[in-house]
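Protein chains in written order, with the UniProt record's numbering: chain A, 1 to 345; chain B, 1 to 336; chain C, 1 to 326.
Treat the hints as calculated values from the structure; they're not laboratory data. Where a beta carbon is used, it is the ideal one built from N, C-alpha and C, also for glycine. Mixed in with the good hints there might be a few duds.
Covered, in the sense of this in silico footprint (three residues per stretch, anywhere, with C-beta under 8 Å from a C-beta of chain A), are these stretches of chain B [stated by the list, open to error]:
id: 1; stretch: 223 to 237
id: 2; stretch: 249 to 259
id: 3; stretch: 321 to 333
So you can see what is in the structure, the chains are spelled out below.
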Amino acid sequence: MSTQTTDIRPAPRADGDALLAVRDLTVEFGARKDPFRAVDGVSFDVRPGQIVGLVGESGCGKSVTSLAIMGLLPKRGNRISGSAVFEGTDLISLSDKQMRDRRGRDVAMIFQDPLSSLNPVIPLGIQVTEVMERHRGLKRKQAMPEARDLLEKVGIPDPNRRLKDYPHQLSGGMRQRALIAMALACQPRLLIADEPTTALDVTIQAQILTLLTDLVRDSGTALIMITHDLGVVAGMCDEVNVLYAGRIVERAARHDLFADPRHPYTYGLLGSIPRLDSPRGQRLNPVPGSVADNLPWTSACAFAPRCSQPIAQCREQSPELVETDPGLDGPRLLRCFNPITKETS
Amino acid sequence: MLRYIARRVLQMIGVMFALSLLIFAWLRALPGGPVDALLGERATPERRAALRKVLGLDQPLPVQYLKFLDNAAHGNFGVSSAVQPGTDAMQVFLTRLPATMELTGVAIVLALATGIPLGYLAAKRHGGIFDNLGVLLSLVGVAVPVFFLAFVLKQYFAVDWQLLPLNGRQNPDLNATRVTGFFILDGILTREFDASWDAFLHLILPGVALATIPFAVVFRITRASVLDVLDEDFVRTAEAKGLTRQVIRRRHVLRNALLPVVTTIGLQVGGLLTGAVLTETVFSIAGLGDAMNLAFQQKDFSVLQVLIVMAATTYVVVNLLVDIAYAYIDPRVRTR
Amino acid sequence: MAAMNLNRKKQRVDELAATTGARVEGNVDAGGIKDAEGVSLLASAWRRLRRNPAFLIGAVVVVLFVLVALFAPVLTGHDPSTRYLIGEVSQQNNPVPKARPGFPLGGDPVGRDLYARLVFGARNTLLVAVLATLTGFVGGLILGSLAGAFGGWVDSVVMRVVDIMLSLPSLLLAFSIAALFGRASQWSVILAVGIAQIPIFARLLRGAMMAQRHSDHVLAARSLGVKPGSIVLRHMLPNSLSPVLVQATMVVATSIIDAAALSYIGAGNADDTQPEWGQMLGQAQNLIDSYPHLAVYPAICIIVVALGFTLMGESLREALDPKSRR
Chain A
1 MSTQTTDIRP
11 APRADGDALL
21 AVRDLTVEFG
31 ARKDPFRAVD
41 GVSFDVRPGQ
51 IVGLVGESGC
61 GKSVTSLAIM
71 GLLPKRGNRI
81 SGSAVFEGTD
91 LISLSDKQMR
101 DRRGRDVAMI
111 FQDPLSSLNP
121 VIPLGIQVTE
131 VMERHRGLKR
141 KQAMPEARDL
151 LEKVGIPDPN
161 RRLKDYPHQL
171 SGGMRQRALI
181 AMALACQPRL
191 LIADEPTTAL
201 DVTIQAQILT
211 LLTDLVRDSG
221 TALIMITHDL
231 GVVAGMCDEV
241 NVLYAGRIVE
251 RAARHDLFAD
261 PRHPYTYGLL
271 GSIPRLDSPR
281 GQRLNPVPGS
291 VADNLPWTSA
301 CAFAPRCSQP
311 IAQCREQSPE
321 LVETDPGLDG
331 PRLLRCFNPI
341 TKETS
Chain B
1 MLRYIARRVL
11 QMIGVMFALS
21 LLIFAWLRAL
31 PGGPVDALLG
41 ERATPERRAA
51 LRKVLGLDQP
61 LPVQYLKFLD
71 NAAHGNFGVS
81 SAVQPGTDAM
91 QVFLTRLPAT
101 MELTGVAIVL
111 ALATGIPLGY
121 LAAKRHGGIF
131 DNLGVLLSLV
141 GVAVPVFFLA
151 FVLKQYFAVD
161 WQLLPLNGRQ
171 NPDLNATRVT
181 GFFILDGILT
191 REFDASWDAF
201 LHLILPGVAL
211 ATIPFAVVFR
221 ITRASVLDVL
231 DEDFVRTAEA
241 KGLTRQVIRR
251 RHVLRNALLP
261 VVTTIGLQVG
271 GLLTGAVLTE
281 TVFSIAGLGD
291 AMNLAFQQKD
301 FSVLQVLIVM
311 AATTYVVVNL
321 LVDIAYAYID
331 PRVRTR
Chain C
1 MAAMNLNRKK
11 QRVDELAATT
21 GARVEGNVDA
31 GGIKDAEGVS
41 LLASAWRRLR
51 RNPAFLIGAV
61 VVVLFVLVAL
71 FAPVLTGHDP
81 STRYLIGEVS
91 QQNNPVPKAR
101 PGFPLGGDPV
111 GRDLYARLVF
121 GARNTLLVAV
131 LATLTGFVGG
141 LILGSLAGAF
151 GGWVDSVVMR
161 VVDIMLSLPS
171 LLLAFSIAAL
181 FGRASQWSVI
191 LAVGIAQIPI
201 FARLLRGAMM
211 AQRHSDHVLA
221 ARSLGVKPGS
231 IVLRHMLPNS
241 LSPVLVQATM
251 VVATSIIDAA
261 ALSYIGAGNA
271 DDTQPEWGQM
281 LGQAQNLIDS
291 YPHLAVYPAI
301 CIIVVALGFT
311 LMGESLREAL
321 DPKSRR
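Extracted from the complex, chain A is given alone in its bound form (with noise of 0.2 Å):
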């Protein structure tokens, strides 16, 4: 158990050469009195051409924080603090306006739902090309050619005839791919993916995740992959970081996280994953109960009622999130009183 507690917030570490370093983002919606935190003092840093994970259960602020990075949250209603500092800019404190110039050609967004994500009434055509339009002042002429090469580039067959299709003459896994070539189109330095693969067959799954890996690491393109799935956070993350509501509880390289997790949530995470070598019969292992059990962090470990090995500083204490002994591939954070050890697991 590691109870090395620093009185700063344990910034990560401090790499002057983060693409973007979010700290302390801390989102409420609802009224002052009784906001509601989403996101509750996150911290992070994506370096150039880095695959990082926010990994959590829905409502744990996952998409939240993509929001806010994007600055996409509705202007009313929400009370954002912190910063996410890119390329020498906070994100955050950015105009409506300047964040428009941003967005689309140095941060880009693809989001969950590939057939609502795209206008019904417009040739696909052109919803890649207005993109171009916007941030390199191309006319449609010049930019159609290069739509098609884009098409081509993310695997859709016939882009010449898909530049005039409509979204609902497309499956699924192609409008996905349409979605990536639209976010690649003025090729940013990050981007953020939303559950990018949640709305698709298995199949089609595995293949835009293998093709958002290989462009993201062909363009040296930083991604930030937000899922609640820790499957396709194994095969193309660097750093994982799991969130529980609203905070950071467990940060670590991809193979630490795996083969050592040591935050009760992230083995529960892991447990609920079926895997082909575990003895038929057994049951899966979700992580029981529902995020309406949390407790607030202000005076808990808000996970502590579902947890699997509670103590009583849990109820009691809010933990930090404090770097612990490392993995083999890198540092790792932790915010918990009593970790899963080789032993207890």
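The hints should help you fit chains B and C onto chain A, whose structure is shown.
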């Protein structure tokens, strides 16, 4: 697409056929029967006998019905007894059509030109004062009887403040040349632009009165539809692309939100004709609504018959056109 | 898209019916305990309504209107058809008596008490509106249930008839019906206005019932061997009623306005011993230039009451179908 149109046309024929049966039955159910109804009570015995022959009243009902269909197919609905005595009823309809088309045209343009932008603004400021005020106003607009509103407008703008002409379609002193019966168009064709302008001024008050209900409908449908579209994921995608507000509004929000508005335009036909009866009466405009009113009061059933048939036809045809237009602008319907 | 084959107006009405109807049905299915679920649905609707100012204003207006109609004789000591001021009307050149003690709004052109006529007018207005709505409701109920419950050719025939009624402007339809009566009376107005409302009710009800025909609880009842008639009456109809009741609230408003339009056009009740607001407004138009107040008072009454019913109907619809913002 072609099959879709064909099916709609077939459906339309079905409706018109059923309508002909109803009108046939209706004419025979009128007090005094079809002869009294079509000729009026004071007609001479000779004319009665002649009409009885034309309608084939001495023959069995099915034959009568076939005769009726045959007449209707040739636009032959009898002769007006009161609205324009002695004139063919179909001719009465045709002479009065331009006035009503001008009036309803102005009203629908007005309703769209105000309803769409205001509905969009209300949705953008959903829950705000402007939004609530707009919704309340649209509800009030529906609650005010059209003819009363027409009177109030006339009283203030024409009588008290004398800003706009009192009634009619054009100042008769202008002695404008008639070409098509559409007064604004006539003025342009004959280069009598002052006549066009005068006809336009005459249309403002009745146009505003007639536009209130379609405005309320267009406003509320635009508002609801924009609210729905603003919640759509593709708007978020457009935002994530960093597109300018104008492009998002025009290309992504309005393009989708206006689809339901297009269909409502067709549905306004019936309401507009009802409103035209009332506004034309208030402003003494010799259009179809006025004819409908006169025909009813003076029991000119030849004219009433034409009006019923033509109103239903217009409604069905306009809605067919709207559906075809809709299929054209919504690729999900067009390309399959 | 199959939906495109339908006329769009029908589709909109059907969608409304389907959303409201299907949701009620979904609630019943989900719990399996009909009453408990039904109550909670109504209870939650009521909770939403209580906080909605639009509903409260509408409800207050409607309640006041009904109270005035019920207690008309208490609110005025005068009879609406007695020509109290006839002496003044015939003596002077000024045909409309001014306000005076006992006659707060003055008299009408034949010397009757305007205030008393307005108060008693609430009675006939309510009567005409409610009976016309009821006519449309019952007619729509019969046609809609027939079409919705049996489908097939019954549905086709009924719906073609409804299509025709929809394709005619409501006033023209009302004219055509009024023309069938030799003399216009209160009853011809009620029937003309009411029949013109049948198609909307029929469509709504059919849509709601169609949405249920293949739902689980109807299939369950059928598989248990419940008779078709009983399924329609006891299972499908009750679950289809909520959109229809919402519509009925708003049709009351339309009926009042339509009746006024008929009066104005001269198709209204000519006998004005029992006044009705639409009739008062219609008759006052001849004198509107010199005596606008004769038209303004009944017009305000009509506008306020129609708005009250509309506000109530709209907020009811919102409460029963939280997703709709229309």
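Do the hints match the structure? See the list:
For a cut-off of 8 Å, the count of residues in the stretch 223 to 237 of chain B with a CB near a CB of chain A stands at 5, and the three-residue condition holds. With a cut-off of 8 Å between beta carbons, the stretch 249 to 259 of chain B has 5 residues touching chain A; three or more are needed, and the interface restraint holds. With 4 residues having a Cβ less than 8 Å from any Cβ of chain A, the stretch 321 to 333 of chain B passes the three-residue criterion, so the hint holds.
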